[in-house]
Each structure stands twice: as structure tokens, then as C-alpha cells.
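Chemist: Chain by chain, the residues run as shown.
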Amino acid sequence: MAIKSKNSDSVGDGLVTFRDVASAMKGERVLRSSGYEVKLVAPPAELRLGCDLALEVNLVEQAGIERVFTDEDVTFVSFTPLSTHSSPMCDIVKVTDFGQWVMIKCGNMKLSFEKATGKIVNVSGGGCPDIPYLNAEMVDKTLTAAPHPNELGYTLCATMLERAYEEALNIYNGDTRS
Amino acid sequence: MMLLFGTIPDKNLPMTYGQVRQEGDYLYADGQRFSRTQGTGAMISAALAICNYFKLDPPHVLVAGDIGDGKGTRDIYKYLTEHVVELAPAVITMHYSLPIMALLKKLCDTIKGCEKRPFMIADAGAMYAAKGAGLATEFDIFTPDTSEIAFLADPQATHPAYISHHLLACDADKIPGQIADAFKNNSAAKLLLVKGKTDYVAQAREILATIDEPNVPTLEPIGGTGDTITGLVSGLVYAGMEPKNAAIFACRTNRTAGILARPTPATKVKDIIDQFPVVCRDYYDAWNKNVKIL
Numbered sequence: 346m347a348i349k350s351k352n353s354d355s356v357g358d359g360l361v362t363f364r365d366v367a368s369a370m371k372g373e374r375v376l377r378s379s380g381y382e383v384k385l386v387a388p389p390a391e392l393r394l395g396c397d398l399a400l401e402v403n404l405v406e407q408a409g410i411e412r413v414f415t416d417e418d419v420t421f422v423s424f425t426p427l428s429t430h431s432s433p434m435c436d437i438v439k440v441t442d443f444g445q446w447v448m449i450k451c452g453n454m455k456l457s458f459e460k461a462t463g464k465i466v467n468v469s470g471g472g473c474p475d476i477p478y479l480n481a482e483m484v485d486k487t488l489t490a491a492p493h494p495n496e497l498g499y500t501l502c503a504t505m506l507e508r509a510y511e512e513a514l515n516i517y518n519g520d521t522r523s
Numbered sequence: 002m003m004l005l006f007g008t009i010p011d012k013n014l015p016m017t018y019g020q021v022r023q024e025g026d027y028l029y030a031d032g033q034r035f036s037r038t039q040g041t042g043a044m045i046s047a048a049l050a051i052c053n054y055f056k057l058d059p060p061h062v063l064v065a066g067d068i069g070d071g072k073g074t075r076d077i078y079k080y081l082t083e084h085v086v087e088l089a090p091a092v093i094t095m096h097y098s099l100p101i102m103a104l105l106k107k108l109c110d111t112i113k114g115c116e117k118r119p120f121m122i123a124d125a126g127a128m129y130a131a132k133g134a135g136l137a138t139e140f141d142i143f144t145p146d147t148s149e150i151a152f153l154a155d156p157q158a159t160h161p162a163y164i165s166h167h168l169l170a171c172d173a174d175k176i177p178g179q180i181a182d183a184f185k186n187n188s189a190a191k192l193l194l195v196k197g198k199t200d201y202v203a204q205a206r207e208i209l210a211t212i213d214e215p216n217v218p219t220l221e222p223i224g225g226t227g228d229t230i231t232g233l234v235s236g237l238v239y240a241g242m243e244p245k246n247a248a249i250f251a252c253r254t255n256r257t258a259g260i261l262a263r264p265t266p267a268t269k270v271k272d273i274i275d276q277f278p279v280v281c282r283d284y285y286d287a288w289n290k291n292v293k294i295l
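Taken in order, these protein sequences are the chains called L and G.
Numbers 346 to 523, taken from the numbering used here, label the letters of the first sequence in order.
Numbers 2 to 295, taken from the numbering used here, label the letters of the second sequence in order.
Worth flagging that the hints you see were computed from the coordinates, not collected in a lab.
Fair warning: there could be bad hints in the mix.
Taking beta-carbon pairs under 10 Å as the criterion, some of the chain G residues facing chain L (in silico) [claimed, not checked]:
| no. | residue |
| --- | --- |
| 1 | Ile9 |
| 2 | Asp67 |
| 3 | Tyr97 |
| 4 | Met128 |
| 5 | Phe152 |
| 6 | Gln157 |
| 7 | Asp286 |
| 8 | Ala287 |
| 9 | Asn289 |
Here the structure is a predicted model, which means the values were calculated and not measured.
Note that beta-carbon positions come from the ideal geometry of N, C-alpha and C, so glycine has one too.
Throw the hints in and build the complete structure from the sequences for me.
Modeler: See the structure below:
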């Protein structure tokens, strides 16, 4: 699917689509006032849902942008990579059993916890600045007491870590119920 | 001078530039204190260990607090873009940072004005930005892990979260093909050090070396054990090793430190870092006899 070719003054690699113009304009305003570099653009025909405005954003900032939208009550439809033949977000989860511990890998993120206690013992992978921060906030806490990555994170790495965290929680809850 | 660039997960840390030193579990530069145990801090600690062993000046660091909102990232890019010509670093290693392609493009344009081009290494967010912006070939070394080499091999992905599923799901024996694709797509630095169960060192589409011993599976869950490899290879290049040999030594050093630390998935990276001086002292002479490095 050819979406749009990037031009020299593009600000990012993703599009946020909205159902109406007012939402798109409000989205631009709240993001700019929060320090994000965004640009209103015409969405390609394949992505039009009635609104003829979309926001070009830096896709890696998706989690932070979603939080601003939630806080400011902005309704959006979706985030889409601004490239041809783009893939949907990774949803492959791999589980590695280390005996006393389990490691969950989702995309480029890994979370390991102790089976008996649910204590998160390590977070690894990723390359965005919120990952070391999430490591500091989550490690040595239990899965049930630790903050969710999507509560504190801003980036796609945090979104991947959230998926690993949710899988870890499912495994831990399954283990404790059995 | 070696310059290490990256963000620190402390929103109260202002932009800081200066020579780094370690004291206990902390690093210090220009009067500021920050942790050595996370991301950029682990990378810096590893590079510092190598500089100490070779009796080199400690690295300079350019760091700022950033918890993911990109504020610290923007500060350090602005400072480096404005000052890189006068600082004239011999080696620049760029690490954890928000992958903002426009900022990296501006920096790379400015670097072209340096009297002597720095040796450029990137990992983490800086590597994502370099690939996404089409600037990978401006760099001398990338240090991806196995998911990140799939990202480099995917011509469309601008972040590892959007890798084509067939690339991410593939077996470890597909990594050589991904390395070849990354070079073919101009998404690789001049040398790739791929960190994994088997480490690969590749240059100009050719795999030059693989390192799979000692095998320490419990290093994979430990956050920061990839960051240390980036710091090690940075220090070794700065010490004068050929990039290929620096990459091989970095992998061996990390693995051997892993064995010495007897890690579990609950071990913290600082326990691995603390073994680097021991590895340098006890192994480097013997390794150097097999691979002439200096």
C-alpha cells in the first residue's frame, strides 16, 4: 500500500488519523503545546475516514502522544507508519524458561521475573530513553505492584515492553492459580 | 578524545559535558552524579574500564536526563551539533536517545565540517535514527542485537517495533542473511557487531568472525549486557585496535566477564562490569598472542 512519499520538510515517520477536522486540529494544538514536533497533512486516500486532515508525527513517540490525547480528551483513529509496505506492530512473544525465572521477549524488549514471587528481576533490550527509566522503576518490584510500562513510558520500546509485561502477568497469574 | 553521548534515566540531571570518573555505583562528570547501572551509564562504565586498563585519558561524556519525552535528547543533540567541530573527538559513540532523525541529519551534516572525521559508533536509539534517516553508512560500527539486526534488514521499518514478522520470527541461523540484507539496503554501518547467542562481526557484506564461547545464556535477560559491549568496543577502538579486532575482543570480554560473575537472570549488569578489569588483566595478553591487536 503506497501511503505517501516523504518530503524534505517532513517531521516524522508516522500518521495519526482522526474522524473529523476538529479533532485533528485539537490534536495538533495539544501536541505542540506539549513540545512535540507535528505537522497537519492531508491523509492518503486509503486512510481517509471522513476527515481530510491527519497529523504527521515521529512514530517512536506514539506512547507519549497517546497519553497526551487521553489527558486532553482528543479522539483519534489510528497510528500508521508513513512508508510503503509497512508492517503492523510486532506481536510475537517468545518465552524462555530459566528454571527459577522466566524471560518474556516481545519485539526488541525482554522482561524477566522470578516464578515463585512474581518479582521482576531484569528488563533488557530497547534503545529509547524511557527503557532505562522503566528498568529503574520496575525492577525488584513484583509484577502486580510495578507500574505498567504504558503508564510511564513514551515510546514504541515502552509499548513493546508493555506487551511483554502483560504476557508475564498472564503467565504469573496462571502459575499462581494452578 | 573519546566522546560518549546518550541519555540518563533521571529527569533531574541537566545536560552535562565533561570527563567522567567512577566512584562506587556512580559516575561523575562536571560535578554531576549519575548511575552506572543503566543503559548509557553501563556503556560509559565499560568504556571507562578499557581506558583505565590501557592508561588512556578517561572518556568525555555528553549526557542529559531523559525519561522518554525527548527533552534531554534534544539538549545533547543541540550541544553536540554546535560544538562537535571545536571538540574534535577521535571517537564518538552515540547511545540511548530518542530516535529523532532530523536531529541526527543535522549533526551528521555538521560533522562533515570536522577537520578530521571522528570514528562513529552507534547503538540503541541513535542507531535507530541513523537507519531510519538513511545515515547508516555514515557510521563505522553498529552494535545491534538479534531483534535489531532484523530491524536493520527490514528496508521499511523505522523502529524495531515495526519489523516484518517473517524477519523477527526467523531462526538464529537466518542472522547471516539479515546481515547481508542490512548491508545491501545501506542500513548497516561499515562494520556490524551483532550481539546474540552467537556474536557476529561483519564488514562489507562479509562475516569476518563469529564468537560463541564462552556461552553464558543467563547474560541475555540482564539489562545492560548489550550496552557494555558497545562501551567495550568503543574503548578498544579508542585504544588503537583495528575495528574488527576490537569487536572480537569486546565480545570475548563480555562473555568472559559473564562467566566470572556466575550470573543468574536476576544478576545486575554492574556485577558484570566489575569483572572487566579482571578480564583485561588476566586474558588480554593471551588473546593478543592469537590476534595481533596493537
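Chemist: Take the hints in turn and mark each one as holding or not.
Modeler: Against the structure, the hints come out as follows:
With 10 Å as the threshold, the beta carbon of G:Ile9 comes within range of chain L, its nearest partner Cβ sitting at about 7 Å, so the hint holds. Proximity of G:Asp67 to chain L holds as hinted, the smallest CB-CB distance being about 4 Å (cut-off 10 Å). The criterion of a C-beta within 10 Å of any C-beta in chain L is met by G:Tyr97, whose closest approach is roughly 5 Å, and the hint holds. Given hint, G:Met128 at the interface with chain L, holds; its Cβ is 7 Å from that chain's nearest Cβ, closer than 10 Å.
Checking G:Phe152 against chain L by beta carbon gives a least distance of about 7 Å; that is within 10 Å, so the hint holds. The beta carbon of G:Gln157 comes within 5 Å of a beta carbon in chain L, closer than 10 Å, and the hint placing it at the interface holds. The criterion of a C-beta within 10 Å of any C-beta in chain L is not met by G:Asp286, whose closest approach is roughly 32 Å, and the hint is violated. Interface hint status for G:Ala287: violated, as the beta-carbon distance to the closest one in chain L is roughly 30 Å, over 10 Å.
Residue-level restraint check for G:Asn289 is violated (minimum Cβ-Cβ distance to chain L is 31 Å; threshold 10 Å).
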